[in-house]
Structure formats: C-alpha cells, structure tokens
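Student: Residue numbers (the working numbering), protein chains in the order written: chain A, 124 to 405; chain B, 3 to 407.
What the hints contain is simulated information worked out from the structure, not anything from laboratory work. Quick caveat, the model's predicted, so the values are computed rather than measured. You may find that some hints are simply not true.
[To be verified] No farther apart than 30 angstroms at their CA atoms in a straight line, the calculated lysine-lysine pairs in the DSBU-like style are these: (1) LYS234/B x LYS300/B; (2) LYS269/B x LYS234/B; (3) LYS378/B x LYS366/B; (4) LYS352/A x LYS366/B; (5) LYS366/B x LYS219/A; (6) LYS234/B x LYS219/A; (7) LYS175/B x LYS269/B; (8) LYS261/B x LYS234/B; (9) LYS378/B x LYS350/A; (10) LYS219/A x LYS300/B; (11) LYS269/B x LYS350/A; (12) LYS151/A x LYS378/B; (13) LYS261/B x LYS219/A; (14) LYS366/B x LYS350/A; (15) LYS175/B x LYS366/B; (16) LYS366/B x LYS234/B; (17) LYS145/A x LYS300/B; (18) LYS350/A x LYS234/B; (19) LYS300/B x LYS261/B; (20) LYS378/B x LYS352/A; (21) LYS300/B x LYS175/B; (22) LYS366/B x LYS261/B; (23) LYS269/B x LYS378/B; (24) LYS175/B x LYS352/A.
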Amino acid sequence: MTFIWTTIGALLTLSIYSFLYKDNPFYKFAEHLVVGVSAGYYLVIYYFNYIHPNVFSPVFLLEIGGEPIGFGSFLWWMALIPGLLGVLLYARFFPKIAWVGRWALGIYVGGYAGLGLSPVMQARVIEQLRANALSIAGVEDPFAAMTNLALAVGIFAAMIYLLIAKRNLGAKNPLAKVGVLVVSAVVAYGGWLVLSLISSAGVVSLTNILLVIGLLGTLSYFFFSMKHKGILGGLARVGIVFLMVGFGASFGYTVMSRISLLIGRVGFLIDWVGQIRGIFGA
Amino acid sequence: MSAAMTMKLVHCLSFSAVVLLAACACAQDAEPDTAAALSLDTIPPAPVTGLSARDYIDNSDAGDKIELTWALSPDDGGGTNDVVSYQLWRSGGVEAEWDSLATAAAGETRYVDETAEPGVDYHYGVAAFDGTSYSERMSFGPVAGRANFFQFSRMSVLVLMLVFFGMVLVFTKLAERGAELFVRRIPGLNAIEEAVGRATEMGRPVLYVPGIGEIDNIMTIASLTILSHVAKITARYETPLIVPTARAVVMSAAEEVVKEAHAAVGKPDGYNPDNIRYLSDAQFAFAGAVNGIMLREKPAANLYMGAFWAESLLLAETGFEAGAIQVAGTAMVSQLPFFVTACDFTLMGEELYAASAYLSREPKLLGGLKGSDWMKVLSITIMTAGIVLYLLNPDNAFVAWFASQ
Numbered sequence: 124m125t126f127i128w129t130t131i132g133a134l135l136t137l138s139i140y141s142f143l144y145k146d147n148p149f150y151k152f153a154e155h156l157v158v159g160v161s162a163g164y165y166l167v168i169y170y171f172n173y174i175h176p177n178v179f180s181p182v183f184l185l186e187i188g189g190e191p192i193g194f195g196s197f198l199w200w201m202a203l204i205p206g207l208l209g210v211l212l213y214a215r216f217f218p219k220i221a222w223v224g225r226w227a228l229g230i231y232v233g234g235y236a237g238l239g240l241s242p243v244m245q246a247r248v249i250e251q252l253r254a255n256a257l258s259i260a261g262v263e264d265p266f267a268a269m270t271n272l273a274l275a276v277g278i279f280a281a282m283i284y285l286l287i288a289k290r291n292l293g294a295k296n297p298l299a300k301v302g303v304l305v306v307s308a309v310v311a312y313g314g315w316l317v318l319s320l321i322s323s324a325g326v327v328s329l330t331n332i333l334l335v336i337g338l339l340g341t342l343s344y345f346f347f348s349m350k351h352k353g354i355l356g357g358l359a360r361v362g363i364v365f366l367m368v369g370f371g372a373s374f375g376y377t378v379m380s381r382i383s384l385l386i387g388r389v390g391f392l393i394d395w396v397g398q399i400r401g402i403f404g405a
Numbered sequence: 003m004s005a006a007m008t009m010k011l012v013h014c015l016s017f018s019a020v021v022l023l024a025a026c027a028c029a030q031d032a033e034p035d036t037a038a039a040l041s042l043d044t045i046p047p048a049p050v051t052g053l054s055a056r057d058y059i060d061n062s063d064a065g066d067k068i069e070l071t072w073a074l075s076p077d078d079g080g081g082t083n084d085v086v087s088y089q090l091w092r093s094g095g096v097e098a099e100w101d102s103l104a105t106a107a108a109g110e111t112r113y114v115d116e117t118a119e120p121g122v123d124y125h126y127g128v129a130a131f132d133g134t135s136y137s138e139r140m141s142f143g144p145v146a147g148r149a150n151f152f153q154f155s156r157m158s159v160l161v162l163m164l165v166f167f168g169m170v171l172v173f174t175k176l177a178e179r180g181a182e183l184f185v186r187r188i189p190g191l192n193a194i195e196e197a198v199g200r201a202t203e204m205g206r207p208v209l210y211v212p213g214i215g216e217i218d219n220i221m222t223i224a225s226l227t228i229l230s231h232v233a234k235i236t237a238r239y240e241t242p243l244i245v246p247t248a249r250a251v252v253m254s255a256a257e258e259v260v261k262e263a264h265a266a267v268g269k270p271d272g273y274n275p276d277n278i279r280y281l282s283d284a285q286f287a288f289a290g291a292v293n294g295i296m297l298r299e300k301p302a303a304n305l306y307m308g309a310f311w312a313e314s315l316l317l318a319e320t321g322f323e324a325g326a327i328q329v330a331g332t333a334m335v336s337q338l339p340f341f342v343t344a345c346d347f348t349l350m351g352e353e354l355y356a357a358s359a360y361l362s363r364e365p366k367l368l369g370g371l372k373g374s375d376w377m378k379v380l381s382i383t384i385m386t387a388g389i390v391l392y393l394l395n396p397d398n399a400f401v402a403w404f405a406s407q
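Could you put the whole structure together from the sequences, leaning on the hints where they help?
Tutor: The following block contains the structure:
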C-alpha cells in the first residue's frame, strides 16, 4: 500500500517537473488536482481548527478546550460576537445589505492594526534605533571613538562625493569608473588599516560604521517628500547600493535552500526507483 | 589483676587523658570561633522584623511578581553575627502548607517572587538561618500580584507613537484642506502604465496578482488601491484584466474595486466578474494555478503587488519565461530579491505604500506617507544624537535610558 502512495507521489512530482519543458496535460492534471484537493482540505482544516473550537463549541456545546462555560457568560459572548461578525461577511451575497459586511472587515482590520502597532513600533523602530545609536564607536576609549567617528564621516563624505562626481562625469566615462574603483579601494583599505591600528576593536568598529551608513542611506532612499537630488540623491544612491548587496546575499542564501529542497525531492524519486527495482528484482 | 598491671592501666589512662586534653587545647588554640559557634548552635538566631510583601510595581510586570522586604535579624551584622542566610516560604493560604520558595544571602533585605500567579492570594514566611537552626518564622499575607495598567518600560513606544500619530493627523488635515503635499514620482509607476499599454497594443490581457496575504494585511490593502488605478487604465483601453486571488475576502474586495473602476471611467459593461478568480488558499496550489494562467491565457503584462512568500520566485520566473513585461511591488524583505532579479521593475518596500498614496491622492494615505517620512527624519536625528552622546561619554544618562528601552 505504501508503494502505491509513493508511486502516486512520484508520478505527481514528475508531472509538476514536466512544466520545465512546457505546459502539458500532465502538468495541467497535477495543477488542477492540487488546487481542488487543497480547497477541500482547507475547508476541513478551517472548520476544525477555527470554527469548531472558537465558535461552535463555546456557543452551542458550552465548552472551550474541554472546560465548561456558562450560557450567557463573558466567554460565551466573546465567542458569539466574533462569530456573528464572521457571518456578516456573507452579507455581500445580498446586494441590499452588502454594506453590513464592512462592519466586520472594519473591526477585523482595525483590531489587528491596533494590536500590532505597539509591538511593531518596539521591534522595528525602537530596537533598530537603539542598536544603531550606540554601536558606532566599538571602543570605550573616547579618543579612539572620536577618531573612528571622524573616519566614518570622511568615508561617508567620500562616497557621496564620488557618486556625485560619477554622475557629473557620466557613468560611462572611464576616468570616473577607474577613479571610483581606485579611491573606494584606497579609502576602504586605509579605513580598515587605521581602525586596526587604533584599537583591537577596529574591525568591529568598521562593521558598525558600515551598518549605520547603510541605515542612513537606506532611510534616505525611502524619503518621498523630496526629489532625489544633491546630498539626498547621493545618500539615496548609497542606500540602494546597500539594498542591492543585501538582496544579493539573501538571493544566494535562498537559492541554496531551494537546491536542498530539490535534492530532497530527487532523493525521493531515487528511492522510488529503488523500490521498483526491488519489486521487479532488477 | 596484679599491682603492676593496675599501674600500667593507670598510666595508660593518664596518658590518654593528657593526649586528649592536649588535643582539645590545640583545637581551642587553632579554631576558637568554631568551638564558640558549636557552643551557640543550640540557640537559634533572632527572627527578622518588619516583614512586608506587596505587588511589585516598579517594573510594569504582568502581575506575576511580588516583592518581599524585611529588616535584618539582629544577629545579622550584630549580636552573635552568625546568620548565614534567610529561608523564604510561600503558602496559598493560612491553612495551606508552606512551600520552600528561595534562599536569600545574609545581609539581603529584599526578594522578588517572580513565580506568582496573577490575582492569587499568597502568604509569605521568612526565617533567619545560622547553619544549624532556624529562627522563628515571621509571616505576612495575604498579598496578590496585579498586572500593571501602564507599562512604564514602554514609555518610549507611546511617545514615538503619539509623535507619529500627531504628524499623520497634521498632514492629513493639510491634505484635506487642499494643501499641495509633494510626493516624488516613483519610477515603478511609469512602468505599470507602460506594461498595461504594451498589453493593449498586443491585444493580450493584464494579469494582476494581489499577493496571498489576507485582507487585514496592509500590503494587500495598498495593492487594492493600485489595482483600482490599473483597472481604470485597462477599462479605458478595454484590455482584459485577470485578478487571481488566494483569499475569498480579497476576491470580494477585488471584485468591488474593479467594478467601481469600470464605473468610474464610464464603462461598467466592460466589467467581467469571471476574471476575478479565487484559486486556492494553499500557497503552492495558488502558485501552480497562476503559472497555468500565464502559460494558457498569455498575459502580456504581469503585475505582482502585495504580500508574497516563497511563491514569489515561481511566479516571477514563469512570467519571465512567458515573455511578459513584469512589475512587482512588495514590502516582504525576504521576497524582494526575487522580484528584483526576475522582474523588469520593482516597487521596493515602502514604495508600494507610496505608490498607492501617489495614485489615489487620498488625504489619509498622503498623511500617512508624509508622517512616516518625517518619522524617518526624527529617527535619523535620534540616532545621530545617540551616536554623538555615546562617543562623548558612554555613561551618559540619555545613553543609559536609551539602552534600557
């Protein structure tokens, strides 16, 4: 019996992979099968995971998670009211009262936004501000810290200047290309060398400085109230460079994980072939 | 027994007595305190005084903390000075049994019980311990932990939210009064119009995927605003617009949006409800079905706007293979790389929201966009101030406060 299911799984896998050649009846069959099965599957999942434990069981069976609740109690009402709001969503099938469904949507969206606001502000704003406001020095020695800051400002200013200069000279100007490459390399190497000489935490400090520069540049890129010209334009270009470096790293990482999924699937097919060979004694 | 043997026995006993006395004397010389302590072990230390327990309110807890305080035993740091620790007990009531809770070191006068059930009455007991015996147990109760109404450690969140809301409200009011609020044109928007124009020229449909997020997802809401803009263009050009959805509620919202767009440009008859489709809630079933649409109905422009997860690359790659012009927009950071790689243009992160505000000129959206813009300026200012203050003095009070947030 296991072999039959494995065979069905393997044939469906091959049907899906046949899409790599071109659209064909096997792929169409597998596609329609998975869409249809998932519709039925999710109907059952939604009922037993959400509707039954959260609405049907407390309202009609008077129990939550096996614990009895009183008819008309606070918990009973807390199950009934959301249930009724959910029913209101179906008002859209009756054009005359379709507007009633917006109440449920309004409460749903408003409640979700209100509950999510504080954690989002804490996790995505305060945390990032805190992490970036305090880490640039990397060293406790005030003199070394000030030197690092001066260097950071210098690197930042040089990057903006070079980007503006490149734009003015034209991106295709060989002088601009070579100049940007050479000066960037010198600045980066010099910065790393100086920081390493200043303190043992120099490399850490360089990382932190890059982090803050990246954040400032990226924030500038997403500033919509002014045109990206002049200093803001330079900052935004620095930001987009950081964004693209980040995207490249993320892309590579995900491709690796997708390859591992592919390996898993190919391994499944090889096992299946092995089972066939075992059955037919090949 | 002979006299000689009797004498030997007396000598032995005398010698033993002398050795024992000498040993005792040596022991007394070497460790006089131990001997003194041993002599005091039978006397328990004096009990603590002033035991008190209260709901812990200093750190905005959830009602699971109760703070105990007491005055030191007179034998801790004074008197016989032999208290080595304090034993703490907790009970669920006067008649209930005492459970050992914790041990506090000598010299401690405070302990915070972090294992209390919120709202449950407890009794606490404390006794001094000298290594051998306990003092009389002093008790206090009942006391219960209560969740704090206001979490002071999140004050910064409240302040920043109030500032943000204030800015949003001000800009919204300005927009409502007709003030000209500048929002820079986003390059990806031009790309959307070019893509729809190309589909019209080729006589092929436009595919608009509003992501697989629910209707409560802000990206889905922004996507529906952009859908309205796209639907108006396609309705004007009489270009078929296919909108596959993964959520039933999103499908009904998309139906409303596209229908209204057709009515707005004076072509209500051009609306085709069969083109707004619910496919599947299952992520990859949805992706497979959309891929099928791309290959069979051959849309010339694919627009992906909204919340996407792992299906993003499957969709964008198939669209690329099919030769369609593709424009994507999402705030899902993890999926942006795939859209950037496989699509012709991408609205990245907040550009998606900015696009919906730019297109609709809706005062609330404009207010939100301008408010978040100035919030970024405020963030950069705070960050810069933090960096400078930290560099000047790492022990700065502002830095310490900031680090605690």
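Student: Decide, hint by hint, whether the structure agrees.
Tutor: Hint check:
no.	hint	in the structure
1	LYS234/B x LYS300/B	21 angstroms, holds
2	LYS269/B x LYS234/B	9 angstroms, holds
3	LYS378/B x LYS366/B	18 angstroms, holds
4	LYS352/A x LYS366/B	27 angstroms, holds
5	LYS366/B x LYS219/A	28 angstroms, holds
6	LYS234/B x LYS219/A	26 angstroms, holds
7	LYS175/B x LYS269/B	33 angstroms, violated
8	LYS261/B x LYS234/B	10 angstroms, holds
9	LYS378/B x LYS350/A	16 angstroms, holds
10	LYS219/A x LYS300/B	37 angstroms, violated
11	LYS269/B x LYS350/A	36 angstroms, violated
12	LYS151/A x LYS378/B	48 angstroms, violated
13	LYS261/B x LYS219/A	17 angstroms, holds
14	LYS366/B x LYS350/A	22 angstroms, holds
15	LYS175/B x LYS366/B	9 angstroms, holds
16	LYS366/B x LYS234/B	21 angstroms, holds
17	LYS145/A x LYS300/B	13 angstroms, holds
18	LYS350/A x LYS234/B	27 angstroms, holds
19	LYS300/B x LYS261/B	23 angstroms, holds
20	LYS378/B x LYS352/A	18 angstroms, holds
21	LYS300/B x LYS175/B	45 angstroms, violated
22	LYS366/B x LYS261/B	23 angstroms, holds
23	LYS269/B x LYS378/B	42 angstroms, violated
24	LYS175/B x LYS352/A	28 angstroms, holds
When the structure is compared with the earlier hints, violations turn up for hints 7, 10, 11, 12, 21, 23 and for no others.
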